[in-house]
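Protein sequence lines, in the order shown, are assigned to chains A and B. First residue of the first sequence? That's 1 in the working numbering, and the numbers climb one at a time after it. First residue of the second sequence? That's 1 in the working numbering, and the numbers climb one at a time after it.
Just so you know, these hints were derived from the structure itself, not from any lab. The beta-carbon is built from N, C-alpha and C at its ideal position, and this holds for glycine as well. Hints may be right or wrong, so weigh each one.
[Said to hold, decoys possible] Short, incomplete list of chain B residues facing chain A, as computed with Cβ under 7 Å:
| # | residue |
| --- | --- |
| 1 | 22 |
| 2 | 51 |
| 3 | 59 |
| 4 | 77 |
[Said to hold, decoys possible] Counterexamples of contact, computed for chain B against chain A with all Cβ distances above 12 Å:
| # | residue |
| --- | --- |
| 5 | 13 |
| 6 | 48 |
| 7 | 103 |
| 8 | 108 |
| 9 | 127 |
| 10 | 144 |
| 11 | 148 |
| 12 | 161 |
| 13 | 162 |
| 14 | 164 |
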Amino acid sequence: MLSLLEFLSRNRNFIVFVLLEVLCFWLISRSNTYWGATYFNTSNYYVAKVLSVSNSVRDYTNLKEENRYLAEENVKLNQLVTELTQLNTSDAPPSYYADSTYAKRFKYTVAKAIKSELYHADNYITIDKGTKDGIRPGMGVLSASGIVGRVRSCSENFSVVTSILHSQFMVSTRLIRSNEIGTAQWPGIDTEIIELSDISRYKPVEAGDTAVTSNFNSVFPPDIMVGIVKNVKTRPDQTFYDIDLSLSTDFRNLTYVYVVENSMVKEEQELENSIK
Amino acid sequence: MSAKEIISYSLWALIFITLQILLMQHIVLFGYAFCFIYIAIILLLPVEVNTITAMLIALISGLLVDVFYNTLGIHAAASVLVAYTRPIWLRMIVDIKDADRIEIELGGLGVIRFSMLTFPLILLHHSALFFIEINNFNLLPYTFIKIIASSFFTMTILLLTQSFRKS
Numbered sequence: 001m002l003s004l005l006e007f008l009s010r011n012r013n014f015i016v017f018v019l020l021e022v023l024c025f026w027l028i029s030r031s032n033t034y035w036g037a038t039y040f041n042t043s044n045y046y047v048a049k050v051l052s053v054s055n056s057v058r059d060y061t062n063l064k065e066e067n068r069y070l071a072e073e074n075v076k077l078n079q080l081v082t083e084l085t086q087l088n089t090s091d092a093p094p095s096y097y098a099d100s101t102y103a104k105r106f107k108y109t110v111a112k113a114i115k116s117e118l119y120h121a122d123n124y125i126t127i128d129k130g131t132k133d134g135i136r137p138g139m140g141v142l143s144a145s146g147i148v149g150r151v152r153s154c155s156e157n158f159s160v161v162t163s164i165l166h167s168q169f170m171v172s173t174r175l176i177r178s179n180e181i182g183t184a185q186w187p188g189i190d191t192e193i194i195e196l197s198d199i200s201r202y203k204p205v206e207a208g209d210t211a212v213t214s215n216f217n218s219v220f221p222p223d224i225m226v227g228i229v230k231n232v233k234t235r236p237d238q239t240f241y242d243i244d245l246s247l248s249t250d251f252r253n254l255t256y257v258y259v260v261e262n263s264m265v266k267e268e269q270e271l272e273n274s275i276k
Numbered sequence: 001m002s003a004k005e006i007i008s009y010s011l012w013a014l015i016f017i018t019l020q021i022l023l024m025q026h027i028v029l030f031g032y033a034f035c036f037i038y039i040a041i042i043l044l045l046p047v048e049v050n051t052i053t054a055m056l057i058a059l060i061s062g063l064l065v066d067v068f069y070n071t072l073g074i075h076a077a078a079s080v081l082v083a084y085t086r087p088i089w090l091r092m093i094v095d096i097k098d099a100d101r102i103e104i105e106l107g108g109l110g111v112i113r114f115s116m117l118t119f120p121l122i123l124l125h126h127s128a129l130f131f132i133e134i135n136n137f138n139l140l141p142y143t144f145i146k147i148i149a150s151s152f153f154t155m156t157i158l159l160l161t162q163s164f165r166k167s
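Isolated chain A (complex conformation) (with noise of 0.2 Å):
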């Protein structure tokens, strides 16, 4: 007994050794096979926890990435909705078949605005892709959130794009709720509102009513985001309403932006030209 004690004495550290080895192989070899609710894993609460604050980190130095990856997939998507919407217009009559080619004669094309003023009277974007990447003068460029602009001049790898923070630029609007259509023009000051004129003040109106792009446009697909009615004010001697609209593009923080190309308007301004 007493040489056996003695044995365990002086070999305690191999013995330990072995029991935590066994242990470890125990755990190994059970969360190999029992799959079920173990809890000392990455499900639990407070290991998640952390893990999701590394994350979190870790998401904000991809961001760019992601960003990058977010805009192209949009153009994807923009182009399926522009399309689908073209194809099957739900202001149609039945009868009514909308020619596939019609239908997608909106590409989009990606781009950063690399540039972006604000407090000028007539402001411009610079982005970052020219004739190279197939952008024209005259496209249209929108944002995620709304319409920008329009594409003013383009050199091989760059394009200035008019804003439409503007003076001279005027975008046809229409008024979802009350279907009426009228004329966005930027009246210059404020960076966030735009006015909209020709609406007639006999029609319902109501600030939060949402403006997008109307159908009578080369440029824009309709139903493009243009803004939010921010307050309506009639004057006695007016036909139409004075509305202030505030712009669903940030222009403050503007990124990635796409522009739009419409693949049959040429042949819609010679068409139109031939008959003045």
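Position chain B against the provided structure of chain A, taking the given hints into account.
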């Protein structure tokens, strides 16, 4: 071991575990080199800590890392092995009479002697880790490359962190 030493050591242990869980877990160099810096907790334990205590510390830190890697037991097994082997290796490489007093730190030992003491243990730890992990010997060359690359990676990080430590 004074209270001050214990506190300083615990702080370093915390730093190594945090580094491992939050940072090193996401870093893989060239698809081969992993870093398991938490093993420094056992490597840098003062020598007067007895083997059983060292093994228990190894078990706890190993299990902690395991929980985050979803590999319950693997890191613990490898760490306990290192904790058991460390005094044996120290006695082999250092004179017997020095083995109980030696301080394992970069400042006192110099890069070469420090590496001689720690690198074989890192190699042992990583070998144990990867072989337990793959559980067979089919991917032998691939596993060897992984072990060697990871050992050098861990060693580099260990030297880096130790150069920040005041001697």
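Here is what the structure says about each hint:
Look at residue 22(B): its Cβ gets to within about 4 Å of chain A, closer than 7 Å, so that hint holds up. For residue 51(B), the interface hint holds, the least distance from its beta-carbon to any beta-carbon of chain A being 4 Å, beneath 7 Å. Taking 7 Å as the C-beta contact cut-off toward chain A, the hint placing residue 59(B) at the interface holds, the least distance being around 6 Å. Annotation: interface hint on residue 77(B) holds; nearest CB of chain A at approximately 4 Å, less than 7 Å.
Listed as outside the interface, residue 13(B) is consistent with that label: its C-beta sits roughly 17 Å from the nearest C-beta of chain A, beyond the 12 Å cut-off. For residue 48(B), the requirement that its beta carbon stay farther than 12 Å from each beta carbon of chain A is met, with the minimum near 15 Å. Every CB of chain A lies more than 12 Å from the CB of residue 103(B), the least distance being 22 Å, so the non-interface label holds. The beta carbon of residue 108(B) is kept farther than 12 Å from every beta carbon of chain A, the shortest such distance being approximately 26 Å.
For residue 127(B), the shortest C-beta to C-beta distance to chain A comes to about 15 Å, beyond the 12 Å cut-off, and the non-interface label holds. Remark: the non-interface label on residue 144(B) is consistent with the geometry, its nearest Cβ contact in chain A lying 22 Å away (cut-off 12 Å). Annotated as non-interface, residue 148(B) keeps its C-beta farther than 12 Å from every C-beta of chain A; the closest such distance is 24 Å. Listed as outside the interface, residue 161(B) is consistent with that label: its C-beta sits roughly 19 Å from the nearest C-beta of chain A, beyond the 12 Å cut-off.
Remark: the non-interface label on residue 162(B) is consistent with the geometry, its nearest Cβ contact in chain A lying 24 Å away (cut-off 12 Å). The Cβ of residue 164(B) sits about 21 Å from the closest Cβ of chain A, beyond the 12 Å cut-off, so the non-interface label holds.
In this structure, none of the earlier numbered hints is contradicted; all agree with it.
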